[in-house]
Amino acid sequence: MKKGIFWILALAILALLQSGLQGYIGAYYYQIVIFVGINIILAVSLNLINGTTGQFSIGHAGFYAVGAYTSASLLYYGEPTFRGWISFLPHSAQDVVLLLFGLLAAALAAGFAGLLVGIPSLRLRGDYLAIVTLGFGEIIRVLILNINAVGAARGFLGIPEFSNFFWVYLFALITVVVVHNLVNSSYGRAFISIRDDEIAAEAMGIDTTRFKVMSFVISSMFAGIAGGLFAHFTAFLSPNTFQFTTSFYLIIMIVVGGMGSIEGAILGAILITVILEAFREFGAFRFVNFAVLLVLVMLFRPQGIVGSWSLFRKAGAR
Amino acid sequence: MSILSIRQCTKRFGGLVAVKDLNMALNPGDLYGLIGPNGAGKTTVFNLITGVYTPDEGAIELDGRAIQGRKPSTIAKQGMSRTFQNIRLFKSMTVLENVLASSHMHRKQGMFDAIVRTRPLKNEEAEIRTAGMELLKIFGLDKRAHELASNLPYGSQRRLEIVRALATKPKVLLLDEPAAGMNPQEAIDLMHLIQFCRDKFHLTILLVEHNMKVVMGVCEKIQVIDYGETIALGSPKEIRDDPRVIEAYLGGA
Numbered sequence: 023m024k025k026g027i028f029w030i031l032a033l034a035i036l037a038l039l040q041s042g043l044q045g046y047i048g049a050y051y052y053q054i055v056i057f058v059g060i061n062i063i064l065a066v067s068l069n070l071i072n073g074t075t076g077q078f079s080i081g082h083a084g085f086y087a088v089g090a091y092t093s094a095s096l097l098y099y100g101e102p103t104f105r106g107w108i109s110f111l112p113h114s115a116q117d118v119v120l121l122l123f124g125l126l127a128a129a130l131a132a133g134f135a136g137l138l139v140g141i142p143s144l145r146l147r148g149d150y151l152a153i154v155t156l157g158f159g160e161i162i163r164v165l166i167l168n169i170n171a172v173g174a175a176r177g178f179l180g181i182p183e184f185s186n187f188f189w190v191y192l193f194a195l196i197t198v199v200v201v202h203n204l205v206n207s208s209y210g211r212a213f214i215s216i217r218d219d220e221i222a223a224e225a226m227g228i229d230t231t232r233f234k235v236m237s238f239v240i241s242s243m244f245a246g247i248a249g250g251l252f253a254h255f256t257a258f259l260s261p262n263t264f265q266f267t268t269s270f271y272l273i274i275m276i277v278v279g280g281m282g283s284i285e286g287a288i289l290g291a292i293l294i295t296v297i298l299e300a301f302r303e304f305g306a307f308r309f310v311n312f313a314v315l316l317v318l319v320m321l322f323r324p325q326g327i328v329g330s331w332s333l334f335r336k337a338g339a340r
Numbered sequence: 008m009s010i011l012s013i014r015q016c017t018k019r020f021g022g023l024v025a026v027k028d029l030n031m032a033l034n035p036g037d038l039y040g041l042i043g044p045n046g047a048g049k050t051t052v053f054n055l056i057t058g059v060y061t062p063d064e065g066a067i068e069l070d071g072r073a074i075q076g077r078k079p080s081t082i083a084k085q086g087m088s089r090t091f092q093n094i095r096l097f098k099s100m101t102v103l104e105n106v107l108a109s110s111h112m113h114r115k116q117g118m119f120d121a122i123v124r125t126r127p128l129k130n131e132e133a134e135i136r137t138a139g140m141e142l143l144k145i146f147g148l149d150k151r152a153h154e155l156a157s158n159l160p161y162g163s164q165r166r167l168e169i170v171r172a173l174a175t176k177p178k179v180l181l182l183d184e185p186a187a188g189m190n191p192q193e194a195i196d197l198m199h200l201i202q203f204c205r206d207k208f209h210l211t212i213l214l215v216e217h218n219m220k221v222v223m224g225v226c227e228k229i230q231v232i233d234y235g236e237t238i239a240l241g242s243p244k245e246i247r248d249d250p251r252v253i254e255a256y257l258g259g260a
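Listed in order, the protein sequences are those of chains L and B.
Reading the first sequence from the start, the letters are residues 23 to 340 in the numbering used here.
Reading the second sequence from the start, the letters are residues 8 to 260 in the numbering used here.
Isolated chain B, as found in the complex (with noise of 0.2 Å):
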């Protein structure tokens, strides 16, 4: 049983069709990549599966209900969150609000007792601020927690988005480019910690990733795409040898 799946998927914008027909189906655990040369339609695959798109044709399922069609914060109600490939921080915030802003779903205290502050509604933010201060620590950001999260610097945000993506509680968890803009070892310190959080937080996560060597490094099956439809689907090896996968990023003979 997938715990997300995408069936017969497709999503035009005007003439052009941005994803066509595409599968995809993850298991729970699953550190699944989703790779392509530039314009392959991945983030339309991000932007469908989190509902900012909604697709023309198809069916994804997270977790057994269908979500195609559903706001982003319904999907996200459900299980799902994301990071962004333009890194999407609430800039106006310090590092920690940041983490807390992204739990506000699972609070339990309504209005009247944030207006009045009452005692279970104190307890209730120190708990999120305690749990929020532990998901900085594994990424190393606790001790910035109270400074604004634009004065942070780019590998810094990179790995916020992530613990604000964590603090949702996901199931399902979507990297668009985390180790973009990074040096190789920040991407490799970057990639054991995604597998340390998968067996954590018991997540399954689904990457978008540029460099091939994290890719193919850290992910268990990889999916390849190109012009809206996948092309080759198979473990890392698999994946380097197919001669179309090559064609696609190298261009044909």
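Just chain L, same shape as in the assembly (with noise of 0.2 Å):
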């Protein structure tokens, strides 16, 4: 009951935001308020890995890009076919449809390529995931570089415009839901035993092969709507976007906002794309900041600005 009046009333006000934000505050903030969306998404499903199970992934911009050209090149090739198939719904109502139906597509295709991913580096012990991700992040980028039918270097034009504030926040907060449900449950547990000690954990019946790669894929399934839902607001992809600096700011984010943490790495998003944005005009010396923020918070408050406070959870409540 409770849950019906929560998502209820979230629906009226991100269609009542979306019906008047952008007049409000002009295209140009309204892409920002767009991108800090899309980026909580990524943090907050990059945090599910890297911070709770406490394995390393250095390639979340590899399943982001896998899920932003799966669902753009599906629609951008499909959409006549696809309509033709549900021609008996409003014009408005197929475009709904449409979206969802190229962000499942995404999140399947990213979670796929996490299953390959993960499946052979997250049976060992140690730091193999970062060296694998890191490598299957460039792998996609160049694959990306070289297949024409999705522009390869010159970018992917034309992909159909279907996203906006509504589904970028409606989306961001059910990554937030779900993330926090699972962590706050005995998966959560399971993951977080893993975290802190794997001999105990898989000791205590815990199958932590399993469950490493259970949290992997369900991170990667966000990255892929992150990118689905990227892709089809900006209607336009470039491999650049993809490339390991991305993955290092998503890495910045949950840092900056306290590993672990799911209002961490939901501040660490905005924090970092605002700056991102305020230093433009310096063009590369705006990356100085990310120099001068990481030395600040480690040397003040190592484990991020938030830390492991939690604005929903009771002590012990875990």
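Take the hints with a grain of salt, since some may be wrong.
Said to hold, decoys possible - Covered, in the sense of this in silico footprint (three residues per stretch, anywhere, with C-beta under 8 Å from a C-beta of chain L), are these stretches of chain B:
id	stretch
1	9-16
2	91-105
3	120-127
Everything labelled a hint here was simulated from the structure, so no lab data went into it.
Each residue gets a CB set at the ideal place from its N, CA and C atoms; glycine is no exception.
Need the complex rebuilt from these two chains, each delivered in its own frame; the hints are there to steer you.
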């Protein structure tokens, strides 16, 4: 009952903001707000594997790219066919169905990529995941650079525009709720036990490989959804968006915000996105901000700005 | 019919034979002691039984099923649990969460229930919470249930390791030096508690302990190993009088 009211209220607020936000703050700020939302999805999902499960992935941009290009190419090439199947619906409802279909495909493709990367590298204990995901991110980018059907190095133009504030923030909310509920359940305890002590977790009947892969695949799926939302918002994709630096920004977000904290990941996503925009006129010099920020955080608050504090979690409620 | 049996197990690390042709048989309800001087191979035996190592030769059976070469989590699910000599608690969790984490494998609700937080999931969560608190109460840890596990004093951390192991509802419990670092009174209290748990939860317990007084006082059957081989097996009295045991511990004359 309470859940129903929460979601109806959330949908109403999002719809209200959607109708007036862009006109009120202008196209430039609107775009920044969207990017903040997408980065929230990416940071919160990355935090599930890096912060909660304690397995260091540095190739989140790779899964983001898989989702973006999957959904974009599917709807770019398939739009007329899909519209034919659901022609009984009004045009705006067709857009919604197409977007959700694209995002589903994006999540499945990125999740499958996560499974392929995760199974061999997560069976081992140690930093193998970091090495493999680093390679994976670059492989995906180089692949895209060489596939002409998705524009290769020229970029992918003319992707249908379905995504907007409403959808981005609805999925950001879904990501936060899903990750929060998962982390605060028996599954979350299994993830955290792996982070704290893998040998003890295994001895307590927790199949560590299985749960590491599970956490990694869920994380990848949300990155895929973020990719789909991004593709259908900008209507243009360039392989440059998915460089290693993108993965690195995401790691900065969760480190600055506080590893393992959902609130921290959200705060980090907002902070880093805004800093990147606010200092745009300084060109490459704006990256100095991150160095300074990281040094300050490490000196004064190594657990991250939020740390392990949680807005929604009572002591011992996990 | 023994509940845990080891037959002719050998484990080598390179040229070193850590365990050689070891035999062991625990009957249901046993409180079985495994002792030996430093480096005798006691912890290796533990690691073989729990699946951390795979024996090079020989067979290990738990409740009639072969378990050698299985993953530790699979063996744990078949009813084996353990504590660690060097405490391995989940440090970022509270005392209660540590206990709840090890009851994960008994959950009935799936991931979808966890994400949507369905009613059956909430009920299940409440049940394991109550069960966890009851276990903590037996070991006098219930008042500190919501503190971080790493903030507990050393002796309490050792007891929490036992509670966490019990929460997996094992048939066989392996305790690796549970009284290490405790004073004599604490050690004796702990041993009474272990006996109590054995009777209450119908456990079979395999105990590795350095503290001779404790082992002699509580175990009904003791096996002594040295250089990976069994040198004596019997009741505490038989062990105490065995010349080979005396030699292994005190050195030959």
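key: In rising order, the numbers of the hints this structure does not comply with   = 1
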